[in-house]
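S.K.: Each chain, letter by letter, is given below.
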Amino acid sequence: MTPPMQMPADRTARDWVGELRAGGAREQAAVEELHALLLKAARFEIGRRGAELAHLRGGDGEDLAQQAADDALMAVLRKLDEFRGESRFTTWAYKFALLEAAVKVRRRAWQGREVPLEDEAWAALSAPGSAGRGAEEAELLAALREEIERTLSERQREVLVAVTLNGVPIDVLAERLGSTRGALYKTLHDARRKLREALAERGFRVEEGSEDR
Amino acid sequence: MNHHDETLGRVLGPGAPELTCEQCFDELDRYVELTLAGEPADERIPGMRAHLEGCPACAEDFRSLRDLVGREGD
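Line by line, the protein sequences give chains C and Y.
Going by the working numbering, the first residue of the first sequence is number 1, and it counts up by one from there.
Going by the working numbering, the first residue of the second sequence is number 1, and it counts up by one from there.
Calculated from the structure, these hints are not laboratory results.
Built from N, CA and C at the ideal position, the CB exists for glycine as well.
Treat the hints with care, as some may be off.
[To be verified] Partial pick of chain Y residues on the chain C-facing surface, computed with a CB cut under 10 Å:
id	residue
1	R10
2	F25
3	C55
4	C58
5	D67
[What the hints assert, rightly or not] Over 12 Å on every C-beta distance to chain Y, these chain C residues come out as not near it, computed from the model:
id	residue
6	G18
7	R48
8	L53
9	D60
10	G61
11	D63
12	L77
13	R108
14	E114
15	S153
16	R155
17	D171
18	L177
19	A183
20	E201
21	G203
Just chain Y, same shape as in the assembly:
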């Protein structure tokens, strides 16, 4: 993906049905545990992946929780 595609992606967002920030936060712990367990998290929580693609702040929250919990599980 080149620089302009990335910019277009950021401006136009995922273009798919997505959760709100509040719904994302509500589901974040479950989504992280499903992801770390190798479960089909995107099937179980539809709209989460699209939201994380569209919302940089929620995506950072996801990565932080995934890494913190993943580290404890090592």
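Chain C extracted, bound-state conformation:
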């Protein structure tokens, strides 16, 4: 029978870092304990994303969790020097497992699917006569569409349309385009800035976002 897992709160951050560098059996025990925590976090993430994996075979979710925990363990050990102690060690470590699991689920869910880079979503957005839309808003949407075509580079347009209109996860797009989340988000950010500036030049007032999280 597996012994009960030590609770995260039982160790302080300094204990964790010290034990993970202790060498020998102590280090091995700490690594195993950390892996168990990362696996728990990965299972949590995959569990809440069950709908995205509904079409997969039964064991695939657990395989993804194991892979995510393994990759997260490597990342945590590689970045141990960067832990600043500004949060609990476990909170810091969990984020690596959640990230690995989320990226794996998104990529698996989109495996074999074409990533739409064109503006399919515009049809719904710009359909005339949609209920509740005023003339001013319709004008803004039309101007936005024009500026997406006119102002943005091809790469900026692809990223903006795929991520914001077609709902392609940025990690999936990054994998397809051979890029990274950070680099693509920078592209998206630059595209948004250009669009805001172009709309402002045309006299549109665009409020700062205030979406609820």
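Given chain C, work out where chain Y should sit, using these hints.
M.R.: Here is chain Y on its own, set in the frame of chain C:
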């Protein structure tokens, strides 16, 4: 907020100074703990909220970490 406002919000983003994805990941654990403790997380880590509004993937990472750590604190 209606459907078109949401779409406009997604396309145009927050329009406020924001962190990068890398900076967001670096600060995520601290931001989550501040949020769960009821501390003024947005004052302590400026640009985080705007980034989470603009980046759906980082926003999901935030919600997951908040919910996981929050559950353990119950």
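S.K.: All hints are to be evaluated individually against the structure, with a verdict given for each.
M.R.: Against the structure, the hints come out as follows:
1. R10: Holds. Min distance 4 Å.
2. F25: 7 Å, holds
3. C55: 6 Å, holds
4. C58: It holds, given that the least Cβ distance between C58(Y) and chain C is near 8 Å, below 10 Å.
5. D67: 8 Å, holds
6. G18: 19 Å, holds
7. R48: 7 Å, violated
8. L53: It holds; L53(C) is separated from chain Y by about 15 Å at its closest Cβ, greater than 12 Å.
9. D60: 19 Å, holds
10. G61: Holds, because the least Cβ-Cβ distance between G61(C) and chain Y comes to about 15 Å, which exceeds 12 Å.
11. D63: The claim stands: D63(C) keeps its Cβ more than 12 Å from every Cβ of chain Y (closest is about 19 Å).
12. L77: Check passes; 17 Å lies beyond 12 Å.
13. R108: 15 Å, holds
14. E114: 20 Å, holds
15. S153: Since the minimum Cβ distance to chain Y is about 16 Å, S153(C) lies beyond 12 Å and the statement holds.
16. R155: The assertion about R155(C) holds, with a minimum of 16 Å to chain Y.
17. D171: Its Cβ does come within 12 Å of chain Y, the nearest being 6 Å, so this is violated.
18. L177: 15 Å, holds
19. A183: Violated, because the least Cβ-Cβ distance between A183(C) and chain Y comes to about 9 Å, which does not exceed 12 Å.
20. E201: For E201(C), whose nearest Cβ neighbour in chain Y is about 14 Å away, the distance exceeds 12 Å, so it holds.
21. G203: Holds, since 16 Å exceeds 12 Å.
Of the hints listed earlier, those the structure fails to meet are numbers 7, 17, 19, in rising order.
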